[in-house]
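Trainee: Listed below, chain by chain, are the residues.
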Amino acid sequence: MRLALSRPAAPLLPLLPALVLLPVLLVLPALVHGGGWELIGQFAWAAITPSRDPLLLQSLLQGLGVTAGMALLGWALSLALGLMLGLASSRLLWRELCGTSLPAEAIRRLLALPRSIHELIWGLLLLQLLGQRPVVAVLAIAIPYGALVARVVSDLLDALPTGPLRALRAAGAAAPAALLTALGPPLLPGVISYGGYRLECALRSATLLGVFGLGGLGNELLLTLQSLQFQELWSGLWLLLALMLLLETAVGALRRRWAMPGRFGLRGTGPRRTGGLAEAEVGRRGRELLLAGLLLLPALLVVGQALAVQPAELLHWQPLPPVAPRGWADALALPWPGLVAGTLTLMLLAAGLAVGGAPLLLLLVAPWPWGQRVLQLLWALGRLWPPPLTALLLLFVLKPGVITAALALGFHNLGILGRLLLEGAEAAGPAAEQGLLAAGCGPRLALLYGRYSGLARSYLAYGAYRADVILRETVVVGLVAGTGLGSQLRESLSAFAWDQLAVLLLAYALLTLVGEDLSDRARRRLLGGA
Amino acid sequence: MVRMNGPSASTHHTSPPLLELREIQVPGRSRPRLEGVSLELAPGERVALLGASGAGKSTLLAVANGVLAPERGTVLWQGEPRARQAGRRRRQQARIGTLWQDLRLIEELSVQQNLNAARLAAWGWPRAVLNLLVPLESEACAMALQQVDLDPTLLSQPVTALSGGQRQRVALARLLRQQPSLLLADEPLASLDPRLAADLLDLLLRQAAAPRALLLSLHRPDLLAGFDRAIGLRAGRVLFDRPSHAVEPALLAELYAGES
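As given, the protein sequences belong to chains V and S, one line each in that order.
All you need for this note's numbering is the position in the first sequence, starting with 1, plus 1333.
All you need for this note's numbering is the position in the second sequence, starting with 1, plus 165.
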């Protein structure tokens, strides 16, 4: 392992994934079709001349409110679900309370299925089952997110040092009290940090669900794009950007206030051992958290009322259409190798573009003081912009296919990884880079040698995690750009072919579970070998 | 300000001083970190910078290597002010070599890659990237290691595998690889045991023959022997600047007298 990673050396590692640019750039000219450059120009111009029609803004704000509300409700529900399920799937907890960890294993396995299926598919499935109702989007977010939170919570819990717990138990404390006292406080920072990150994700997911007609701003974005009303589109986008940046700032501030570790092991894997916190500090955090929780509950109720979310609607199922004769045989006769290969290619290209693209772009703009600001804006737009919309926009000038889909998906994830890269660069510290600059080294090489060396492993570890997320997300652009399992899924959905759908979902789940396992191994190796 | 010309400063006036500071002012929180500091460093001079912690030694070195721009005052390197144009500025920086207190080795790279990092100012991208893939300029690197009494077999080692004393020497070898004319060192002996400290100081002094010059901040006045001149900093001001043999115990006592 050490050999494999010591050559090429650390600073180059974050850039290696960018090698996928070569084949992409090679193929790209052949994909360009004549028509749409004028439209792209109009689109770009509209960015600085958005519509300021008060009626439009009012309706956009309303849509934004719905999107934010869906995100908040889905997130809160997923957090509650995830915490419960996370505790229920912790090996340690079961061992302490019942003497066996078998139930934990069983629950873990069960949770793999809801986790492996993207929230958009949950949304579309629930849409078919329940019809167009506000509760659908909330549930679509809550189910996969809940399962994801559960996994993170149980992983964090099982990775905690058990020494304090043993000590309490040996002193005669009952299991529940000992668990709460010994594991509660060290678990908290990790959970809150991850919870904040999930809220940011929930806003992106809610926007995406809107694009597919589940309510909120997303749908208006899609309609304005399809009707080429770019100025109206940009009004919505800027509003959404403002909300997203506000949320990210607030989450970041709260994370710092409550002494959060960097997310996903940029500063080591497990939750940081907060040794030096003064007593008053700990008390303050607890009180503030309690207050925040108490304020959140009525807020959730109000939002639920405003969105007319009615949990009772979950009971009104629509009957499924009958399965066609020979349906199962047809399902098995789908072109599986092609579908799977398409999905994997899409994932690899998009992951390479996103993981390698961010450090490459940062290097390119290194000499210019305003370069990083421009990149930050571009990356914020990437995070905000749902990949299907990017794909639609790209289709103005590119032919549909795996490259177009990969560009759309890559751009979105580039935004997420870029932000993380900057956080990592900040954490790596300026000393080495400054030393190189003082010795006359150019700004790009100083950044490469001085900063990328230190952040390479943790950044790539996050990249591995992101590749796993991208695999899940392939279905999102596949639905639009016609590649991989996603495109077939769309056909089966619109044809109500439940048999095909079931097999497709199974294949998709299997693929993402394998991907998750591989990405976990890669992360452990990258972080463990440091 | 007290400003006495050292003996060599008056004899070497054919070429401009390698470093000249005039009336440098750097503001600080409660009092200026540097106030009205002036000094000159002629080729071949080895100058020690003395002073208690917080007297402004590190700040002065940061001004001298261009990392910190003073609020007021002039810095001249070989008679020239800080270049405006980026390329010229880089060439100017490449002639200033710094031995950092925290060494600033790149922990993830091998000894050889670290030594070659000193050449990045002169190298273009192809060689900079190649350095991360294959061993480059092994002979020059081995020679740099030999100059600091290290075994060339260390070249392939990661710097994390070295001892503290070895790391100091690798940092010095990297400085030599840079081929600077002005050598600056910020407390390079602080974390070394007496024997290692004496060895390293000896190496540094040997490297600083004309046309080079050395400015080194020192926390131990007992090691002054090899220096031509000593400059005493107290509370951001130059207390004395005189030949090192003329630094009397009374002067030192005043320099380190309780900070208030």
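Read the hints as simulated data drawn from the structure, not as lab findings.
All residues carry an ideal CB built from backbone N, CA and C; glycine is no exception.
Be careful, since some hints might not be right.
As the list claims (entries may be wrong) - Quick look at which bits of chain S chain V covers, simulated, 3 or more residues with Cβ under 8 Å: (1) 227-238; (2) 249-260; (3) 274-286.
Stated by the list, open to error - Here are some of the chain S residues that sit facing chain V, going by a computed Cβ distance under 8 Å: (4) V294; (5) L301; (6) R332; (7) Q343; (8) Q344; (9) L417; (10) E419; (11) L420; (12) Y421.
Trainee: Which hints from the list above does the structure break, by number from lowest to highest?
Mentor: Checked against the structure, the hints that fail are numbers 5, 6, 8, 9, 10, 11, 12, while the rest are satisfied.
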